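S.K.: Protein chains in written order, with this note's numbering: chain L, 1 to 489; chain Z, 1 to 489.
Hints in this document: simulated from the structure, not taken from any laboratory. Keep in mind that this is a model prediction, so the values were computed, not measured. Mixed in with the good hints there might be a few duds.
Identical copies look the same in the list; a pair holds intra-copy or inter-copy alike.
To be verified - Here are the simulated DSSO-like pairs of lysine-lysine, each with C-alpha atoms no more than 27 Å apart in a straight line: (1) Lys-174 to Lys-212; (2) Lys-289 to Lys-416; (3) Lys-472 to Lys-289; (4) Lys-174 to Lys-289; (5) Lys-416 to Lys-174; (6) Lys-267 to Lys-338; (7) Lys-472 to Lys-416; (8) Lys-464 to Lys-289; (9) Lys-464 to Lys-267; (10) Lys-212 to Lys-464; (11) Lys-212 to Lys-267; (12) Lys-267 to Lys-416; (13) Lys-472 to Lys-267; (14) Lys-338 to Lys-472; (15) Lys-174 to Lys-338.
Number of protein chains: 2
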Amino acid sequence: MIRKDESAPLGDMSAEEFRRSGHQLIDWIADYLNEMERYPVLSRCRPGDVRRQIPGAPPAQAESMDRILADIDRVILPGITHWNHPSFHSYFSITGSGPGILGELVSAALNVNGMLWRTSPAATELEEAVLDWLRQMLGLPEQFWGIIYDTASISTFHALAAARQSLQGWDSRKLGLCGMNRRLRAYASEQAHSSVEKAALALGIGLEGVRKIGVDNEFRMRPDLLHQAIEDDLRAGWWPFCVTATVGTTSTTSVDPVAEIAPICRKFGLWLHVDGAYGGPAAVVPELKWVLDGCEAADSIVVNPHKWLFTPIDCSVFYCSRPEVLREAFSLVPEYLKSSESATNFMDYGIQLGRRFRALKLWMVIRYFGVAGIAARIRAHVSWASELAGWIDDDPEFERLAPVPFSTVCFRAVPKGLDGQPSEVVDRFNEDLIEAINRQGEIFVSHTRLRGRFTIRLAIGNIKTTRAHIVKAWEVIRRQCSRLLEERG
Amino acid sequence: MIRKDESAPLGDMSAEEFRRSGHQLIDWIADYLNEMERYPVLSRCRPGDVRRQIPGAPPAQAESMDRILADIDRVILPGITHWNHPSFHSYFSITGSGPGILGELVSAALNVNGMLWRTSPAATELEEAVLDWLRQMLGLPEQFWGIIYDTASISTFHALAAARQSLQGWDSRKLGLCGMNRRLRAYASEQAHSSVEKAALALGIGLEGVRKIGVDNEFRMRPDLLHQAIEDDLRAGWWPFCVTATVGTTSTTSVDPVAEIAPICRKFGLWLHVDGAYGGPAAVVPELKWVLDGCEAADSIVVNPHKWLFTPIDCSVFYCSRPEVLREAFSLVPEYLKSSESATNFMDYGIQLGRRFRALKLWMVIRYFGVAGIAARIRAHVSWASELAGWIDDDPEFERLAPVPFSTVCFRAVPKGLDGQPSEVVDRFNEDLIEAINRQGEIFVSHTRLRGRFTIRLAIGNIKTTRAHIVKAWEVIRRQCSRLLEERG
Chain L
1 MIRKDESAPL GDMSAEEFRR SGHQLIDWIA DYLNEMERYP VLSRCRPGDV RRQIPGAPPA
61 QAESMDRILA DIDRVILPGI THWNHPSFHS YFSITGSGPG ILGELVSAAL NVNGMLWRTS
121 PAATELEEAV LDWLRQMLGL PEQFWGIIYD TASISTFHAL AAARQSLQGW DSRKLGLCGM
181 NRRLRAYASE QAHSSVEKAA LALGIGLEGV RKIGVDNEFR MRPDLLHQAI EDDLRAGWWP
241 FCVTATVGTT STTSVDPVAE IAPICRKFGL WLHVDGAYGG PAAVVPELKW VLDGCEAADS
301 IVVNPHKWLF TPIDCSVFYC SRPEVLREAF SLVPEYLKSS ESATNFMDYG IQLGRRFRAL
361 KLWMVIRYFG VAGIAARIRA HVSWASELAG WIDDDPEFER LAPVPFSTVC FRAVPKGLDG
421 QPSEVVDRFN EDLIEAINRQ GEIFVSHTRL RGRFTIRLAI GNIKTTRAHI VKAWEVIRRQ
481 CSRLLEERG
Chain Z
1 MIRKDESAPL GDMSAEEFRR SGHQLIDWIA DYLNEMERYP VLSRCRPGDV RRQIPGAPPA
61 QAESMDRILA DIDRVILPGI THWNHPSFHS YFSITGSGPG ILGELVSAAL NVNGMLWRTS
121 PAATELEEAV LDWLRQMLGL PEQFWGIIYD TASISTFHAL AAARQSLQGW DSRKLGLCGM
181 NRRLRAYASE QAHSSVEKAA LALGIGLEGV RKIGVDNEFR MRPDLLHQAI EDDLRAGWWP
241 FCVTATVGTT STTSVDPVAE IAPICRKFGL WLHVDGAYGG PAAVVPELKW VLDGCEAADS
301 IVVNPHKWLF TPIDCSVFYC SRPEVLREAF SLVPEYLKSS ESATNFMDYG IQLGRRFRAL
361 KLWMVIRYFG VAGIAARIRA HVSWASELAG WIDDDPEFER LAPVPFSTVC FRAVPKGLDG
421 QPSEVVDRFN EDLIEAINRQ GEIFVSHTRL RGRFTIRLAI GNIKTTRAHI VKAWEVIRRQ
481 CSRLLEERG
């Protein structure tokens, strides 16, 4: 029997306290965004440093907001790697912009679940409207219907799920894949993101169900090898069903030749998915529209506003020219979710039932900066990356390792002192270099491996980054390189 | 060639403007939360009403924040179904509480992706710490390791994925499911959430791979029928691999007897997943701890703080006593994500690479209300639901259709005027009644179907709900029922 406990104070934080703490936090954030450069980009914590400061048991009684906010400074902030820092050049550099942060704030307050049209018509209709805006900004044709998922991993998962659903002669919705007497095979380049393989793991296709296609000397998928692989697989009894082309790969931002891949997909009846999670937004810039060349023939495309469209994580946009296939793959409406309106219910198009109101922040970001403003910022990032590539090319102690079509530069140090040394020594030097750069704290860069060589990657994408930050980054890199050489004696 | 456009203003919103707009929004939200009851709970929009007010093309030039914020009032708000309203009694009633909203605000500003430990040690370590708090609050034993996903759909998907990975004698990671000569089968009650079937769709198990088990007269899975089904399936050549027990089903909040289901899973070597997305949080209340009875034997459990723990959507907690299996199912580390620290990298435990810093809001909610405060609120919801059940039982014009173990009440009107009418007429009357109640706008309730009967569902769970709101809800329901009877003449 439930106890009645009429004495306990119930309800939410009072409006007055919300106002007070809210104003305090807005000021805190304004200061944080403004003075972020006093923090090291990469957190200096060691494993356990944060956890050690958190009590082992939850608080039995309520604590004051002042105390909680003080702990954000004391406990949390030292353990933050500052993704919103203008000198964050790791992975892909992203942005929680002002209007985007405020959009998240409103979404959290409304706290709607946009699973059905009726559960907030504005969530569904704003998503439809703003994704049509973005479609126009990217120059994609009208047949592309859009939906917002959380991450590109989930978008690509839905692409492969739809591809699986589109198979002729096998009802995977009803039967699954067990008992199928041919094995499915998906294709992507050696440079494709690991999310393609994660999707294959998820969908019951398995890692052997993904065949990696070789790339040319600029890290782009080779259509001739794709064609050959599909033919070979058909002969060997595989069931080819999907190709993922990447426009802006993770390591080098290379762009697969979609216009040449599309006819191969058409010939063999394969679903063509385009991973433009990073590269897609570049198409907002008129002179970079080529990044989506050939995509009008795609079955699906993923573009991440939380990567290079100044929108806080998470927000991944999935465009699909055959949304009815996606719907066949996932629609399931139990009685308690039936509704009578003739309108889009986004829950029918994916695995997740709960849907945050993510369109709101994207709408605010696009309006606040305007299409021209977004294009100008992306254009600037690309031009700074191009400048940096030039500096690297002009410096005999460094070597660029990939073309720079967008805002990410791949390179390594090849100082004279290492002339004639085995490649492991050069790799090791660059590993030490990246470690020294990141430990120093002014900038944060990441690495990859290209043709077996350890490679430093510097990505530009934060909205607060200026040309001066790139000048500084290059200085930091060269300074640490010199220091490291001196230490080696 | 990229154009240089040095003239355009770049960068983010200024700190001053962020401060000004942020303060404005905090006041707007404080007012919204405080005065929400002047809005109809269910939006009165008709399809197209919102979209019609949004320009067909994106703005070429930047717009002012004032204009954007004005449009939130003008365009967005009328299209909102107010999930954060104290009289939202539909589906499951949820809460974006004050500390939770502020937590989301901080997360959006930090904008970290907690994919790796190093990409923000605080994101990983706070997640570990706060999930250990919640584990203690729920009374789960120490072997349960936790991770935060976005939704229960994704948590249950990971449960079934881990179950699939745990199969002996078949390497689904490498091979997928194509070519498997036995078909997998998962089990859940007729009352289980549709996310179990969505997971089966996703994972390549197919809808036929989910067998629904009958329930007793209180809508709880019958262990005897489960046992029989597994035996029958084994004889028929199926490969049983997973049982999902639900503690707090969506329609009636019935609680499957986990303590009786667990030995059956053990006997046949099946993964036991417990869906406590809604019901789990009740275990924070000492006298409701029984809801998780038997769960110590589970392989995985999902509990959603965004349902009944006052945390804004999205936040779904997944506990697993065999995290190494989850890791085997999903770990894939490309070169560009390799890191050297010996610490948890949550990206290894799921399909999503991008991970918002969701632990922050949960930490703030638990601290702000305290364990006792959270328990008091849940306890109050349960006691009001119990009162409402009593009023329904005492009213000859209404009939309760399920037990009320928690805060959700299932009932229908059976007015004297309909005595002796066929069941379709009673169903139709209740459909009209729910439509009238929701259109009226003071409260929002949803429906389900129980033993073929159209059923009204009233869920209590918002933190601002008081006993007075339940009194009002009951008045609204009776008033609309009388009005409808009068109209029928």
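S.K.: Determine for every hint whether it applies to the structure shown.
M.R.: Hints, one by one, checked against the model:
| no. | hint | result |
| --- | --- | --- |
| 1 | Lys-174 to Lys-212 | between (29 Å within a copy, 15 Å between copies) |
| 2 | Lys-289 to Lys-416 | neither (40 Å within a copy, 69 Å between copies) |
| 3 | Lys-472 to Lys-289 | neither (30 Å within a copy, 57 Å between copies) |
| 4 | Lys-174 to Lys-289 | neither (41 Å within a copy, 38 Å between copies) |
| 5 | Lys-416 to Lys-174 | neither (64 Å within a copy, 45 Å between copies) |
| 6 | Lys-267 to Lys-338 | neither (40 Å within a copy, 38 Å between copies) |
| 7 | Lys-472 to Lys-416 | within (23 Å within a copy, 82 Å between copies) |
| 8 | Lys-464 to Lys-289 | within (24 Å within a copy, 50 Å between copies) |
| 9 | Lys-464 to Lys-267 | neither (46 Å within a copy, 59 Å between copies) |
| 10 | Lys-212 to Lys-464 | neither (37 Å within a copy, 54 Å between copies) |
| 11 | Lys-212 to Lys-267 | within (19 Å within a copy, 42 Å between copies) |
| 12 | Lys-267 to Lys-416 | neither (51 Å within a copy, 67 Å between copies) |
| 13 | Lys-472 to Lys-267 | neither (50 Å within a copy, 64 Å between copies) |
| 14 | Lys-338 to Lys-472 | between (57 Å within a copy, 26 Å between copies) |
| 15 | Lys-174 to Lys-338 | within (21 Å within a copy, 39 Å between copies) |
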